[in-house]
Amino acid sequence: MLKNGFGAIDVREADGTVDDQYRIDYLSAHIAEMKKAVVEDGVDLMGYTPWGCIDLVSAGTGEMKKRYGFIYVDKDNEGNGTLARSRKKSFAWYQQVIGSNGEIL
Numbered sequence: 001m002l003k004n005g006f007g008a009i010d011v012r013e014a015d016g017t018v019d020d021q022y023r024i025d026y027l028s029a030h031i032a033e034m035k036k037a038v039v040e041d042g043v044d045l046m047g048y049t050p051w052g053c054i055d056l057v058s059a060g061t062g063e064m065k066k067r068y069g070f071i072y073v074d075k076d077n078e079g080n081g082t083l084a085r086s087r088k089k090s091f092a093w094y095q096q097v098i099g100s101n102g103e104i105l
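Letter 32 of the sequence shown, counting from 1, is numbered 32 in the UniProt record's numbering, and no numbers are missing.
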């Protein structure tokens, strides 16, 4: 699978964290379905790439409002911000997914 992601308006809390459980739920459901396709239907799935590892500027709109990454980037739609990066909740979750080869979702 080339790419799969969940874009959302992530809210950064005062302590710098981003609780993006909605992203975890979405990606977890898709990964579970991919596993079913492989195990039950014999699909030859060669790989999976989530979109994306870090928040990025939209190529179509130039905005940062809608975010996809496991890592938050401190930048707004006007280009203001420190560009500091912080791991979202989904970062630790996906780290477990990779480490367990998809057994832990």
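Hints are computed from structural coordinates only; laboratory data are not their basis. We put the CB at the ideal spot given by N, CA and C, even for glycine. Mixed in with the good hints, there may be bad ones.
Using C-beta positions, here's what the derived DEER-type ranges look like [what the hints assert, rightly or not]:
| id | residue 1 | residue 2 | range |
| --- | --- | --- | --- |
| 1 | V43 | D74 | 15 to 25 Å |
| 2 | G81 | D41 | 36 to 46 Å |
| 3 | G42 | T82 | 29 to 39 Å |
| 4 | G62 | E40 | 23 to 33 Å |
| 5 | E103 | L2 | 15 to 25 Å |
| 6 | A8 | T82 | 38 to 48 Å |
| 7 | Q96 | K36 | 30 to 40 Å |
| 8 | R87 | V57 | 15 to 25 Å |
| 9 | G79 | E103 | 36 to 46 Å |
| 10 | Y22 | T82 | 36 to 46 Å |
27 Å max Cα-Cα, derived DSS-like pairs, lysine-lysine [claimed, not checked]:
| id | residue 1 | residue 2 |
| --- | --- | --- |
| 11 | K75 | K65 |
| 12 | K66 | K89 |
| 13 | K35 | K75 |
Broken hints, by number: Of the numbered hints, 1, 3, 4, 6, 7, 10, 13 do not hold.
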